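Given only the sequences and the hints, what does the whole structure look like? Please build it.
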Amino acid sequence: MNSNTDAVIAEHGLSRDEYDTIVRSLNREPNLTELGIFSVMWSEHCSYKSSRLHLKKLPTEGPCVIQGPGENAGVIDIGDGQAAIFKMESHNHPSYIEPYQGAATGVGGIMRDVFTMGARPVALLNALRFGAADHPKTRHLVGGVVAGIGGYGNCMGVPTVGGEVNFDKSYNGNILVNAMCVGLADTDNIFYSAAKGVGNPVVYVGSKTGRDGIHGATMASAEFDDDSDEKRPTVQVGDPFTEKLLLEACLELMAEDVIIAIQDMGAAGLTSSAVEMASKGETGLELDLDQVPQREENMTAYEMMLSESQERMLMVLKPGHEDIGRHIFEKWGLDFAIIGITTDTSHLTLRHKGEEVADIPLGPLADFAPLYDRPHVATPKAEYISPDDVPAPNDLGEALLKLLGGSELSSRRWVYEQYDYTVMADTVQRPGGDAAVVRVHGTTKALAVCTDVTPRYCQADPFEGGKQAVAETWRNLTAVGADPLAYTDCLNFGSPERPEIMGQFIGCIDGMAEASGALGYPVVSGNVSFYNETNGIGVKPTPAIGGVGVLPDVSQMATIAFKAEDEVIFLVGETRGHLGQSLFLRDIAGREEGAPPPVNLATEKRNGDFVRGLIRSGKITAVHDCSDGGLATALADMAMASGIGATIDLPDDLPAHAFLFGEDQARYVVTMSAADADTLEAGDLPVLRLGTTGGSCLTFDGVAEVMVEALRSAHEGFFEGLMHDQL
Amino acid sequence: MKSAVIVFPASNCDRDAAVALERISGSKPHMVWHGDSDLPEVDLIVLPGGFSYGDYLRCGAMASQSPIMKEVIKKAKAGTPTLGICNGFQVLTECGLLPGVLMRNAGLHFVCKTVPLSVENTDTVFTSKYGQGEVIDVPIAHHDGNYFADADTLDRVEGEGQVAFRYANDNPNGSARDIAGIVNAKSNVLGLMPHPERVIDQQLGGTDGAPLFAALTEALS
Amino acid sequence: MKARIHITLKAGVLDPEGKAIENALGSLGFDGVNDVRKGKYIELEIADSDETTARDNLTRMCEALLANTVIENYAIDLEA
Amino acid sequence: MKARIHITLKAGVLDPEGKAIENALGSLGFDGVNDVRKGKYIELEIADSDETTARDNLTRMCEALLANTVIENYAIDLEA
Ligand SMILES: Nc1ncnc2c1ncn2[C@@H]1O[C@H](COP(=O)(O)OP(=O)(O)O)[C@@H](O)[C@H]1O
Ligand SMILES: [Mg+2]
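Residue numbers (the numbering used here), protein chains in the order written: chain A, 1 to 727; chain B, 728 to 948; chain C, 949 to 1028; chain D, 1029 to 1108.
Calculated directly from the structure, the hints in this document are not laboratory data.
Here the structure is a predicted model, which means the values were calculated and not measured.
Treat the hints with care, as some may be off.
[As the list claims (entries may be wrong)] Okay, derived cross-link-like pairs now, EDC-like style, lysine to aspartate or glutamate, Cα gap no bigger than 20 Å in a straight line:
{"no.": "1", "chain 1": "C", "residue 1": "K967", "chain 2": "B", "residue 2": "D905"}
{"no.": "2", "chain 1": "D", "residue 1": "K1068", "chain 2": "C", "residue 2": "E991"}
{"no.": "3", "chain 1": "A", "residue 1": "K381", "chain 2": "A", "residue 2": "D510"}
{"no.": "4", "chain 1": "D", "residue 1": "K1068", "chain 2": "C", "residue 2": "D1025"}
{"no.": "5", "chain 1": "C", "residue 1": "K988", "chain 2": "D", "residue 2": "E1100"}
{"no.": "6", "chain 1": "D", "residue 1": "K1030", "chain 2": "C", "residue 2": "D983"}
{"no.": "7", "chain 1": "C", "residue 1": "K958", "chain 2": "D", "residue 2": "E1100"}
{"no.": "8", "chain 1": "A", "residue 1": "K169", "chain 2": "A", "residue 2": "D510"}
{"no.": "9", "chain 1": "A", "residue 1": "K137", "chain 2": "A", "residue 2": "D510"}
{"no.": "10", "chain 1": "A", "residue 1": "K318", "chain 2": "A", "residue 2": "E330"}
{"no.": "11", "chain 1": "C", "residue 1": "K950", "chain 2": "C", "residue 2": "D996"}
{"no.": "12", "chain 1": "D", "residue 1": "K1030", "chain 2": "C", "residue 2": "E970"}
{"no.": "13", "chain 1": "B", "residue 1": "K729", "chain 2": "B", "residue 2": "E798"}
In structure tokens, the structure reads:
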């Protein structure tokens, strides 16, 4: 019996207590292979040991939910026997170390999560956070990440249709790369991961196993220090070509009635897929590692179990149907190997070179997995900043141009033009609007998808920020005319071992839970990424939300561009000129402070339902929600998208800059023909007639006038300037 | 019109091409696996867009060696109309049915956007429904669309009217003489980087690709 | 036997990648860099035991697949 | 001075392109080809006249731009 030294235990990211629990589970010391298996299964990444307790608070049920969190991806019913299957996941640490491959394999991984359930991926999104634009690493990271996302998604032939990009110094040493995939399947042909039954063949398909990213899952759960650049752990190289073949082969096999269970090999590779499939199926699994297709020589059991080689899947087939599978995978030029069998032992047993190299009881591996209620302190409430306490800028037009040309609001065209967003010929709303819209192939329905979160709000007030992130996706889906149905999340935080960070995490979850409940908008899948910090400096709390909605009739879709001159512009929702934590306050007044705008969920729902009703009635011609930068930037977006200007009246009860740049929530700008405008019935909803479209300028009556062309050139400048000459 | 769409490993616009063909011609194309060696009797062969073989080594190089390509080359040389879109264009140059090569975009980035094209030659089975010099809007989505040939070849291609489409505004990829698509000397083989199959209905943002398929349907039915 | 193959663009063929690398090096502050040309380098093991057969096979591989001889040259080195 | 730079994948790093080339050569009927690895080959002119400075500059170029040192090795040759 070997004894594992403290150093070996620590290298595996396990505490002494955790190690002792392993010894208790086994009734003996683990060997190195077993230790490796426990370490990855009990890592933060796989076990959710710091977050599990709190994630339970999120609403996960609703009339549309077919499968909530717990499977490879969430599944919702979109009618007519069809389902949307989706999930978002982080690939933060690998992308910082090797931006191209890190981001590429992030996209590859999230696609496998979706097609392993039987869905054809139809849309990709990505939520990206980089350090300050002038930080020396930023350009390289932006260039690599964007190219990597494009490189993988484009080759797969799945359109990348949306996402977000932010720059903030809190991400200087820890960028965030969150990728989301949405797929479509038939509700009667969805695949799950429970390895049910005894004596069924366990089959490995896809690429061969190499020594890729061993310890990747533990790396994703460890914070960076200054040495990380030097250590350069092996990162995985993605092979989108093989993944495309794997996708087609899996879907082809799924059309046959032969698969009992299927699971992709993601983080912690063969270990987590085998353990999860067996645990869910309440069976045991016996694997013969000599049968695992290997790319390198002399791989040990430890290496094979911990390898994170990409583009691999594990399946349990109905016995006697192996040849059907073999035939399909060989046609696509992929490895197909029977590597084991399901058993009734409830143990994971591994054999290698004729010897038993591991024997782990699955019950204790799951049941004794650490679960922590980490100490937490709530973020102190920030003070409300009154609009009167923020001085007006010298020139409102200049302020607008500066905001539009800044890192947060500038056009993301440089990014999304590197993504094929038209492949599959169903993209009916391209990047640049409130949400992307892709048709459900061959029907008149469409899916609307978006990602959102405002980290500066979450930092100032995690609870309001969590609410706001969920509400903003709901609002963006509404703004294109969709019924928001459900969302996925990717919760990016610093170290959970610090009580302030745990406080942020819990605050955000509580806010998300409240918004989900109030909006009838459950979460069906998600991912937690902790330890996004370097030398004790954490990222801003960033719970990215990926929303999915359905348009019953795609011909009723709304877009942001003004459609004609002389139309009437309305603002739906109440404006109080909330400047705390606004971009105006940060970028024009140079202050990062105050409470973020409060989110009143009842108002949010009422205003959204009203706008969606108007869209469905066919009366409104353009819609855009108000978010970062407030009303002025919403109007500017609508003008730039169309080339048509507008003249806007300002109210006298608020300072102009607070009216124009305040970030009050639950607001939409809509346009209507003059005739329809006169018949608009809003009941007791706050609806303000703002002005009319037309001309070549955006005019704020009496205070500023900016040419639409000038808006455009400010808006387009930022990325070109930043990325010029970057390979 | 009977047509065949060749499916290479990691073709990814094969479905899009099939949808466009069926929608406009009314008949479903044959989907032909690259590993087959027989081509059904068809009036039109389509090499679709995508990343055949991951675009590894050179775009289209490995696909051009696929078993089915022997048949495609034989039929194309015998006059069967053959259309290569994006990756299909790259395959056509790699197998020698069209002159020149498609190199890495001058800006080195993948570029996805809708670009204006001018129709340079309406005297082909593909372009007869466009007006001479007409400007159409068609999306591009490629990493290697920078058309290159030596000066003599370019002069010859231009002189013989083999340039079918040119980028009308900005050249998005550095392509020689703004070339977006060319035909062979007999005008029965067209390769182009833009994707006409992605603009065949108004919901997709345009219909400027539809006349290409309509022209083929009319001529070949 | 181990073979090393260099595939380079013919003189006169435009090299967008080389050009872009040259520009990027310039903007990183590396002065005096010119004529950057980017090629491919392939290493492989070939089973043939005699050099003539090996070189012959490699030449056919280059002609058939590895190089596009319209724009590229290739050079084959065999490890003794 | 003329410089030649070879950039190759580190041992053990997956080379999807090399693998695809190997398979393609196989299906073209070239047997006995193994371990195909694809790298990059860059030629350039550098203005420095002394070898030490040139090598020094080239090393910095490789580290900063030309090679991805997380997964690639580089080798610099200078023409005498
Ligand atoms: N990383 C990205 N990938 C693709 N599209 C993006 C990305 N970042 C932003 N976009 C697109 O740019 C547009 C503007 O983004 P954003 O300002 O975040 O919108 P909003 O404020 O409506 O949420 C959206 O259509 C969005 O999908
Ligand atoms: Mg929006």
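**Asked** Failing hints, ascending?
**Response** 7, 8, 9
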